[in-house]
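Okay, here's what each chain looks like letter by letter:
Protein chains: 2
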Amino acid sequence: MTATGLTTSETLWLLTLSAACIGILANTFQGDGEPLIASLALSGLAFAFSFCLIRWLGDVFMRVGLKGRDMAKTRRVEIPETMGAVCAVVYLLVIIVFIPFPFYKDIVAATSGGGNRDVVMELQQVETGRLLHRFPHSKLASYLSAVLSLQVVVILGMADDLFDVRWRHKVLLPAFAAIPMLIVYFVDFGVTKVVVPLPLQSYLGELVDLGWLYYAYMAAIAIFCPNSINILAGINGIEVSQSILIALMLLLNDSLYLSPFTPYPHPATDSHLFSIYLLLPFIGVSLALLLHNWYPAKVFVGDTYCYFAGMVFAVVGILGHFSKTLLLLFIPQIANAAYSSPQLFHLIPCPRHRLPHFNPRTGLLEPSTASFASSPPAKPIALVLRLLHRLRLLRLTFNDAGEITETTNLTILNLWLVWWGPMREDKLAIGLLVLQTVCGVLGLVIRHRLALWVFREDNLAV
Amino acid sequence: MTATGLTTSETLWLLTLSAACIGILANTFQGDGEPLIASLALSGLAFAFSFCLIRWLGDVFMRVGLKGRDMAKTRRVEIPETMGAVCAVVYLLVIIVFIPFPFYKDIVAATSGGGNRDVVMELQQVETGRLLHRFPHSKLASYLSAVLSLQVVVILGMADDLFDVRWRHKVLLPAFAAIPMLIVYFVDFGVTKVVVPLPLQSYLGELVDLGWLYYAYMAAIAIFCPNSINILAGINGIEVSQSILIALMLLLNDSLYLSPFTPYPHPATDSHLFSIYLLLPFIGVSLALLLHNWYPAKVFVGDTYCYFAGMVFAVVGILGHFSKTLLLLFIPQIANAAYSSPQLFHLIPCPRHRLPHFNPRTGLLEPSTASFASSPPAKPIALVLRLLHRLRLLRLTFNDAGEITETTNLTILNLWLVWWGPMREDKLAIGLLVLQTVCGVLGLVIRHRLALWVFREDNLAV
Numbered sequence: 407m408t409a410t411g412l413t414t415s416e417t418l419w420l421l422t423l424s425a426a427c428i429g430i431l432a433n434t435f436q437g438d439g440e441p442l443i444a445s446l447a448l449s450g451l452a453f454a455f456s457f458c459l460i461r462w463l464g465d466v467f468m469r470v471g472l473k474g475r476d477m478a479k480t481r482r483v484e485i486p487e488t489m490g491a492v493c494a495v496v497y498l499l500v501i502i503v504f505i506p507f508p509f510y511k512d513i514v515a516a517t518s519g520g521g522n523r524d525v526v527m528e529l530q531q532v533e534t535g536r537l538l539h540r541f542p543h544s545k546l547a548s549y550l551s552a553v554l555s556l557q558v559v560v561i562l563g564m565a566d567d568l569f570d571v572r573w574r575h576k577v578l579l580p581a582f583a584a585i586p587m588l589i590v591y592f593v594d595f596g597v598t599k600v601v602v603p604l605p606l607q608s609y610l611g612e613l614v615d616l617g618w619l620y621y622a623y624m625a626a627i628a629i630f631c632p633n634s635i636n637i638l639a640g641i642n643g644i645e646v647s648q649s650i651l652i653a654l655m656l657l658l659n660d661s662l663y664l665s666p667f668t669p670y671p672h673p674a675t676d677s678h679l680f681s682i683y684l685l686l687p688f689i690g691v692s693l694a695l696l697l698h699n700w701y702p703a704k705v706f707v708g709d710t711y712c713y714f715a716g717m718v719f720a721v722v723g724i725l726g727h728f729s730k731t732l733l734l735l736f737i738p739q740i741a742n743a744a745y746s747s748p749q750l751f752h753l754i755p756c757p758r759h760r761l762p763h764f765n766p767r768t769g770l771l772e773p774s775t776a777s778f779a780s781s782p783p784a785k786p787i788a789l790v791l792r793l794l795h796r797l798r799l800l801r802l803t804f805n806d807a808g809e810i811t812e813t814t815n816l817t818i819l820n821l822w823l824v825w826w827g828p829m830r831e832d833k834l835a836i837g838l839l840v841l842q843t844v845c846g847v848l849g850l851v852i853r854h855r856l857a858l859w860v861f862r863e864d865n866l867a868v
Numbered sequence: 407m408t409a410t411g412l413t414t415s416e417t418l419w420l421l422t423l424s425a426a427c428i429g430i431l432a433n434t435f436q437g438d439g440e441p442l443i444a445s446l447a448l449s450g451l452a453f454a455f456s457f458c459l460i461r462w463l464g465d466v467f468m469r470v471g472l473k474g475r476d477m478a479k480t481r482r483v484e485i486p487e488t489m490g491a492v493c494a495v496v497y498l499l500v501i502i503v504f505i506p507f508p509f510y511k512d513i514v515a516a517t518s519g520g521g522n523r524d525v526v527m528e529l530q531q532v533e534t535g536r537l538l539h540r541f542p543h544s545k546l547a548s549y550l551s552a553v554l555s556l557q558v559v560v561i562l563g564m565a566d567d568l569f570d571v572r573w574r575h576k577v578l579l580p581a582f583a584a585i586p587m588l589i590v591y592f593v594d595f596g597v598t599k600v601v602v603p604l605p606l607q608s609y610l611g612e613l614v615d616l617g618w619l620y621y622a623y624m625a626a627i628a629i630f631c632p633n634s635i636n637i638l639a640g641i642n643g644i645e646v647s648q649s650i651l652i653a654l655m656l657l658l659n660d661s662l663y664l665s666p667f668t669p670y671p672h673p674a675t676d677s678h679l680f681s682i683y684l685l686l687p688f689i690g691v692s693l694a695l696l697l698h699n700w701y702p703a704k705v706f707v708g709d710t711y712c713y714f715a716g717m718v719f720a721v722v723g724i725l726g727h728f729s730k731t732l733l734l735l736f737i738p739q740i741a742n743a744a745y746s747s748p749q750l751f752h753l754i755p756c757p758r759h760r761l762p763h764f765n766p767r768t769g770l771l772e773p774s775t776a777s778f779a780s781s782p783p784a785k786p787i788a789l790v791l792r793l794l795h796r797l798r799l800l801r802l803t804f805n806d807a808g809e810i811t812e813t814t815n816l817t818i819l820n821l822w823l824v825w826w827g828p829m830r831e832d833k834l835a836i837g838l839l840v841l842q843t844v845c846g847v848l849g850l851v852i853r854h855r856l857a858l859w860v861f862r863e864d865n866l867a868v
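These protein sequences, in sequence, are chains A and B. Per this note's numbering, the very first residue in the first sequence carries number 407; after that it's consecutive. Per this note's numbering, the very first residue in the second sequence carries number 407; after that it's consecutive.
Any given hint could be a false lead.
Copies of the same chain are indistinguishable here, so a pair counts whether it falls within one copy or spans any two.
Claimed, not checked - Distance condition first, Cα-Cα at most 25 angstroms in a straight line; then the derived SDA-like pairs of lysine to any residue:
{"id": "1", "residue 1": "K479", "residue 2": "V602"}
{"id": "2", "residue 1": "K576", "residue 2": "V503"}
{"id": "3", "residue 1": "K599", "residue 2": "T768"}
{"id": "4", "residue 1": "K785", "residue 2": "T843"}
{"id": "5", "residue 1": "K599", "residue 2": "V503"}
{"id": "6", "residue 1": "K704", "residue 2": "V602"}
{"id": "7", "residue 1": "K479", "residue 2": "H854"}
{"id": "8", "residue 1": "K576", "residue 2": "V470"}
{"id": "9", "residue 1": "K576", "residue 2": "A788"}
These aren't lab readings, by the way, just hints derived from the structure by calculation. Since we're looking at a predicted model, the values are computed, not measured.
With the hints as extra help, turn the sequences into a complete structure.
Have a look at this one:
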């Protein structure tokens, strides 16, 4: 793990990529410029920067103590920790530098008509052109509030990685990060009405104003997304790859709102472009991290990355007004959180680490266990555990008296190993990614095929 | 230094202060609300929070290695370092929470007229009331960009304190932090014209468009302010107290643009309210830090604080459009930077630390020196040094051959000790604060009495 420089071939292809991206970017300055193209080019640059920085800064991080041992390897070498912070900083820089692309020409184009009627036409054009789309200027505050929230989560994530905040406080860190976004939402937009599903409309009317409950709901999303990624973690590459998959499926969903899938101009186009602009560079920096974090990992990502990734999704879902769709892509995370809850709430013992156990003899991962060493579980809990054991939703160990002595830890990583037997770390990660993809695609199908049964409007039918 | 809790009397008066502030804040929700009052109350809360957190987090910081020894004390105990980061985080939270106060009612008030002519009247009222002043909504982007820049400087400052960035790279960190502010300035405001002084107007016209040079100028301000505070540092309390003084004088300057000093409505009122809203909580958190950092210091502030403080001033000066006035309040810092430059550019030797030397026998500070041990200075440099020595602008030491062997380090802290002889650490700090005050007041007098000779307009004569 002493390879802190880039190899010649890496240098060459990163330089080629960067040159191509810079070329494309320079080209967008000519003519009207195309924010979407610029965003793609910047994401390429973000990938190249992150890749280099992760490699170069490894030693520096280790020197100040940001390092950890990989417990699931035969040789437990120390590798740099918290590398997600590097990605997050590059990401923040890129989305800030990106601001002029979608926002600049709006004012210019909208006032160039010299005060005559053409102005209105032009404004219309500016707001509805597809690839050439520019945001109305009022969206700037909302974009900036997104950047603010992401910055706060990065600051708090770094503080967490540094000071090892207690689990109970940790859970609420993203709530602080959501404050800027919610406050700007309050002063700038302030819509707290939601569309009522058709079957309920006769009772509640077409729209219902949730008031402060809507802010509580948004805060809940912002707390859930980062933490759910943070607890579906622990093996090489799993945090980054699940985040990339979610981002890709969000992109797929966004693209359904753009031409040619959707009648033109659609009211949700802006929200989905907003989402694309935030997701593309996220995928860029995450890919660079994945190349270093995939089995066998050369760096760890740190809690910073999990918070940062989850917050990107929360921001995109909330400010893009598609938080319900977002949750459909989090099905494995929701399942994992629900499955984990008996341990998180200490109904059954919860060891400090619940990641699968590495068997150095076979080189494979096995389900890790929590022991009832001090006292067997209470009657009702034991009953439920035995039922789940029968349903193969966990695996129990019994003593001679038939009492429960151990249970596999309640994470879907361990459950996967219960189902399919011991396997190598990367096989486990791939298995879960397949699960994530299948659930996500199903979720999107539900969203776009079945949603019309309960809601009146969709991208396919305005 | 083991006192990490609050004493009973501290707890009592902090609780009283907080209760009073919360009461005032709650009161602003009634009726129209007054952003200025809310800002004052929030600043009081910011003070109380920072005070408690600095006390509570001391141990935590020491445990992760953020600690340092005070070299200017007989007992060189270890105390927590980088406590400025705590203040900065509290500050950021407060200015984010403050957003609804100046911005919320704008839209509501401006549209409540129901579409008739009153709307225009109301809008006018909203924009020009004094204490009840609300910002037009378009200012939100500019406010958010200020918060963004401050957050970036805090992230980079923390990285600097953690990784000990090299001096050469350090200088440029604030330039990165200025990017969000400059980009939003570009897309949102974009005015790069400056008023030409009267004597030059016959040549250049009334306004001259500086174009990208104006952005370079703003970046230069953003680089200068944080770094100039960072190099006028090294003795207990000096970083925080000079920052508080500058902030107070900026407040004084701002208040000159409010009623009753200035004809009503003045075009610069908005900019100066903007500045007040950012400065009040800064003074709040800084006072809390000063109480712990003043001689004998119980905590160190860290580079984070210097960057953060300098960036607050840069943001306020740039977005408030009074950067020239700002520089008039930085006279001691400018003098110190100019005086230091021969050492910073390595024309004469520059030791790692240039802070005054502590004499444990007397308990007083003496000028520290840089030695020409390896080789005597080159002829022209020696000539200048001898001249400065004659003018008492530094103190040289000679060997028997009359060659220069040592010079006092070129900081105004050392110069002050050359002038007035050895003194205790707090006396030195007070001396420099008096200097800062005198220079600042002079600067403001120049600005407001003499500026009309070269510019046509001022707060007193529109």
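Quick rundown of the hints versus the structure:
no.: 1; hint: K479 with V602; verdict: neither (52 angstroms within a copy, 69 angstroms between copies)
no.: 2; hint: K576 with V503; verdict: between (30 angstroms within a copy, 21 angstroms between copies)
no.: 3; hint: K599 with T768; verdict: neither (57 angstroms within a copy, 72 angstroms between copies)
no.: 4; hint: K785 with T843; verdict: neither (38 angstroms within a copy, 74 angstroms between copies)
no.: 5; hint: K599 with V503; verdict: between (33 angstroms within a copy, 23 angstroms between copies)
no.: 6; hint: K704 with V602; verdict: neither (49 angstroms within a copy, 58 angstroms between copies)
no.: 7; hint: K479 with H854; verdict: neither (43 angstroms within a copy, 70 angstroms between copies)
no.: 8; hint: K576 with V470; verdict: both (23 angstroms within a copy, 18 angstroms between copies)
no.: 9; hint: K576 with A788; verdict: neither (30 angstroms within a copy, 60 angstroms between copies)
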